[in-house]
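Chains A and B are the protein sequences, given in the same order. Reading the first sequence from the start, the letters are residues 3 to 347 in the numbering used here. Reading the second sequence from the start, the letters are residues 3 to 347 in the numbering used here.
Derived from the structure by calculation, the hints contain no laboratory data. Any given hint could be a false lead.
Copies of the same chain look alike in the list, so a pair counts if it works inside one copy or between any two.
[Claimed, not checked] Pairs of lysine-lysine, DSBU-like flavour, derived with a Cα cap of 35 Å: (1) K305 <-> K159; (2) K253 <-> K304; (3) K346 <-> K87; (4) K243 <-> K304; (5) K24 <-> K339; (6) K243 <-> K57; (7) K35 <-> K339; (8) K24 <-> K342; (9) K159 <-> K50; (10) K24 <-> K304; (11) K159 <-> K57; (12) K123 <-> K305; (13) K243 <-> K50; (14) K253 <-> K35; (15) K50 <-> K253; (16) K57 <-> K123; (17) K244 <-> K159; (18) K243 <-> K305; (19) K212 <-> K123; (20) K272 <-> K311; (21) K272 <-> K244; (22) K50 <-> K272; (23) K272 <-> K123; (24) K243 <-> K342; (25) K50 <-> K342; (26) K243 <-> K253; (27) K311 <-> K24; (28) K244 <-> K57.
Note that the structure is predicted; figures quoted are calculated from it, not measured.
2 protein chains.
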Amino acid sequence: MIIDIHGHYTTEPQALFAFRDKQLAGLAEPARKPTTTDLGVSDEELIKSVQPQIKFQTERGSDLTIFSPRAGGMAHHVGTEEISKAWSRVSNDLIHRICTLLPENFVPVGQLPQFPGASPKNCIAELERLVDLGFVGVNLNPDPAGGYWTDPPMIDKWWYPLYENLVELEMPAMIHVSSSCNPNFHHTGAHYINGDTTVFMQLIQGNLFKDFPTLRFVIPHGGGAVPFHWGRYRGIAQDMKKPVFSEHLLKNVFFDTCVYHLPGIELLTKVIPIDNILFASEMVGAVRGIDPNTGHYYDDTKKYVDQVKNLSETDRYKIFEGNARRVYPRLDKLLEKRGKAGEKV
Amino acid sequence: MIIDIHGHYTTEPQALFAFRDKQLAGLAEPARKPTTTDLGVSDEELIKSVQPQIKFQTERGSDLTIFSPRAGGMAHHVGTEEISKAWSRVSNDLIHRICTLLPENFVPVGQLPQFPGASPKNCIAELERLVDLGFVGVNLNPDPAGGYWTDPPMIDKWWYPLYENLVELEMPAMIHVSSSCNPNFHHTGAHYINGDTTVFMQLIQGNLFKDFPTLRFVIPHGGGAVPFHWGRYRGIAQDMKKPVFSEHLLKNVFFDTCVYHLPGIELLTKVIPIDNILFASEMVGAVRGIDPNTGHYYDDTKKYVDQVKNLSETDRYKIFEGNARRVYPRLDKLLEKRGKAGEKV
């Protein structure tokens, strides 16, 4: 089975945008607030809306996508905390409906109702609701301020109440910023990659996994700049007298394969231990075109992984399926219940 | 000749720190302001202070280092614009003295008296003074706010008066942030790398080099995350209908080799055109230890470049010397004047 752990719902129905407009218009004129959270979208419309993703699954040969709301759409910095709560709920409910309608194609991951300056513990109610609905993980935004980075680093105790719940509920978190309201940071080209790099460095600085030995973070987009600068990070950690990464971070931190060219994937699989790499494509996502050098979609990352030499069959199983089952234990249980147990490796 | 284009004066005399303390103490109590810019440091002390750098040059086989004040020390966000001006002048004067005392080892690059919210044109007087003193380039901080990114992106006309002078004076700029006062960003582990990535993406978004066809930027630390995500950047630019990079950026944007492991340097030299890569080590800098996997210093980047296969002799000449002469025309002229003309390639 080929599991793509990083897909966003970027083909949403217009009704969702209309709801969002009403939410934000309501800030200026309360009469414009949405009066219902029922978007009036039929099951048929939802199924139709994800045909692009299903087409890519079929053409590219992946089976199951871990599916979450559009990352840029979370926009935790916009509006108020109440708006973030309602918006998260509506966005997550759509994901839940799609994954219920198409369980062979999609498994749900949720967004959290974060807000700049608001305690992460305010997200726990939605987190628990997501678990009840069968979600297998969440996206956690390290910068709810949308490019101004005004909340504490992720190793700060500020985040601990949420981590306690993530651990207790066996929910991993993908560390994923949202859109940027800072004109310096293009969202998919700078803010996303910087978010990944920034949090990995925070984790080096702290000792978070001493306090939470079973907390699991996925750092998307191949870990930002980290694998390219693996020597730098090893060296900085060594200068700081931190333990080697296998002890300090690598039981808890994982990287996806959203790197859109073969040399990048070759580097990733060369420097990062195979047990820490999870297949993903971010489709339909940040880059939508076809690479004229290869004739294939930039984000058809399976093609790059398939081309990497020096990967054993076991390595490939881990990248495409086994590691995802380990990092997302609720996914593994769900698949087992469906009669699709993983291999023992 | 092996030219290392990225070395900082990180072995400064105590007198410089004492001056800085007085400057900042003067904010709280004006009587503590420094009364002189004469640090009282002898030539002998200066020569002694850079022996670590000279030892590395000898041991590692580089000849000449393009030498600038400590990047983290610029700290443009601290104090006032007047303080930044005085601090830049004192810091640059030390570099000038060292390069005058040891012209075979060091060539000067300066810091600019930037300040958050202050127009970059306020740096022109110091820039002109640097040219008169024989400096061959400057470090330009894309985020004078030190991790809060409150000034306009580098493609904004805000920066144009400075660019006009850089072009007129044939001075290239290394895009280099300074220390971070944002607790989210470790300075050498996150802020530096993010700064590189951020500015490259800004340059994709804009059309800066249409307005300044001869402006030259060096993006240090191997270009941040950019080479690892080369496919992502090519794809994003393509989605934006921008010209291909060879037209859009690569006549003006260059990357150094401050990447501290062989797989990173292999990737860099594979995806970035050789004409756009300049040898550098950042010594004595961000990472000071020895890699237990290799037995060599992490930042001995010459060892990695030497190990890359598939580089012709011409390629190596370009990386180690030729490209530096092209990007830093004042360096080339200086060397010619000393009877060390470059090769025609």
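The hints, checked one at a time:
In this homomeric assembly, K305 and K159 never come within 35 Å of each other (Cα to Cα): the closest approach is 41 Å inside a single copy and 42 Å across copies. Proximity of K253 and K304 under a CA criterion of 35 Å is satisfied in both settings, with 25 Å inside one chain copy and 33 Å between copies. Taking the shortest alpha-carbon separations for K346 and K87, neither the intra-copy value of 40 Å nor the inter-copy value of 64 Å comes in at or below 35 Å. When the C-alpha separation of K243 and K304 is checked against a cutoff of 35 Å, the pair qualifies only between copies, where the shortest distance is 26 Å, while the shortest distance within a copy is 38 Å.
In this assembly of identical chains, the alpha carbons of K24 and K339 never lie at most 35 Å apart, being 41 Å within a copy and 69 Å across copies at closest. Taking identical chains as interchangeable, the C-alpha atoms of K243 and K57 lie at most 35 Å apart only when they sit on different chains, with a minimum of 25 Å there against 49 Å within one chain. With identical chains, the CA atoms of K35 and K339 are never at most 35 Å apart, being 42 Å at best within one copy and 73 Å at best between copies. For a Cα distance limit of 35 Å, the shortest separation of K24 from K342 qualifies neither inside one copy, at 43 Å, nor across copies, at 69 Å.
In the homo-oligomer, the alpha carbons of K159 and K50 never lie at most 35 Å apart, since the shortest distance is 43 Å inside one protomer and 45 Å across protomers. Proximity of K24 to K304 under the C-alpha cut-off of 35 Å is found in neither arrangement, the shortest distances being 39 Å within a copy and 58 Å between copies. Taking the shortest alpha-carbon separations for K159 and K57, neither the intra-copy value of 43 Å nor the inter-copy value of 44 Å comes in at or below 35 Å. Taking the shortest Cα distances, K123 and K305 never come within 35 Å of each other, neither inside one copy (40 Å) nor across copies (49 Å).
In this assembly of identical chains, K243 and K50 lie within 35 Å of each other by CA distance solely across copies; the values are 29 Å between and 54 Å within a copy. Proximity of K253 to K35 under the C-alpha cut-off of 35 Å is found in neither arrangement, the shortest distances being 45 Å within a copy and 51 Å between copies. In this assembly of identical chains, K50 and K253 lie within 35 Å of each other by CA distance neither inside one copy nor across copies; the values are 39 Å within and 46 Å between. With identical chains, the CA atoms of K57 and K123 are never at most 35 Å apart, being 39 Å at best within one copy and 53 Å at best between copies.
For a Cα distance limit of 35 Å, the shortest separation of K244 from K159 inside one copy, 20 Å, qualifies, whereas the shortest one across copies, 44 Å, does not. Taking the shortest alpha-carbon separations for K243 and K305, only the inter-copy value of 25 Å comes in at or below 35 Å, while the best intra-copy value is 39 Å. Taking identical chains as interchangeable, the C-alpha atoms of K212 and K123 lie at most 35 Å apart only when both belong to the same chain, with a minimum of 20 Å there against 49 Å between chains. In this homomeric assembly, K272 and K311 come within 35 Å of each other (Cα to Cα) both inside a single copy, at 10 Å, and across copies, at 17 Å.
In the homo-oligomer, the alpha carbons of K272 and K244 lie at most 35 Å apart both inside one protomer (23 Å) and across protomers (32 Å), since each shortest distance falls under that limit. When the C-alpha separation of K50 and K272 is checked against a cutoff of 35 Å, the pair qualifies neither within a copy, at 39 Å, nor between copies, at 42 Å. Taking the shortest alpha-carbon separations for K272 and K123, neither the intra-copy value of 38 Å nor the inter-copy value of 46 Å comes in at or below 35 Å. For the homomeric pair K243 and K342, neither the shortest alpha-carbon distance inside one copy (44 Å) nor that between copies (44 Å) is at most 35 Å.
Taking identical chains as interchangeable, the C-alpha atoms of K50 and K342 lie at most 35 Å apart only when both belong to the same chain, with a minimum of 27 Å there against 69 Å between chains. In the homo-oligomer, the alpha carbons of K243 and K253 lie at most 35 Å apart inside one protomer (19 Å), although the nearest pairing across protomers, at 42 Å, exceeds that limit. With identical chains, the CA atoms of K311 and K24 are never at most 35 Å apart, being 52 Å at best within one copy and 59 Å at best between copies. Within a single copy, K244 and K57 get their C-alpha atoms only as close as 46 Å, which misses the 35 Å cut-off; across copies the closest is 28 Å, which meets it.
Of the numbered hints listed earlier, those contradicted by the structure are 1, 3, 5, 7, 8, 9, 10, 11, 12, 14, 15, 16, 22, 23, 24 and 27.
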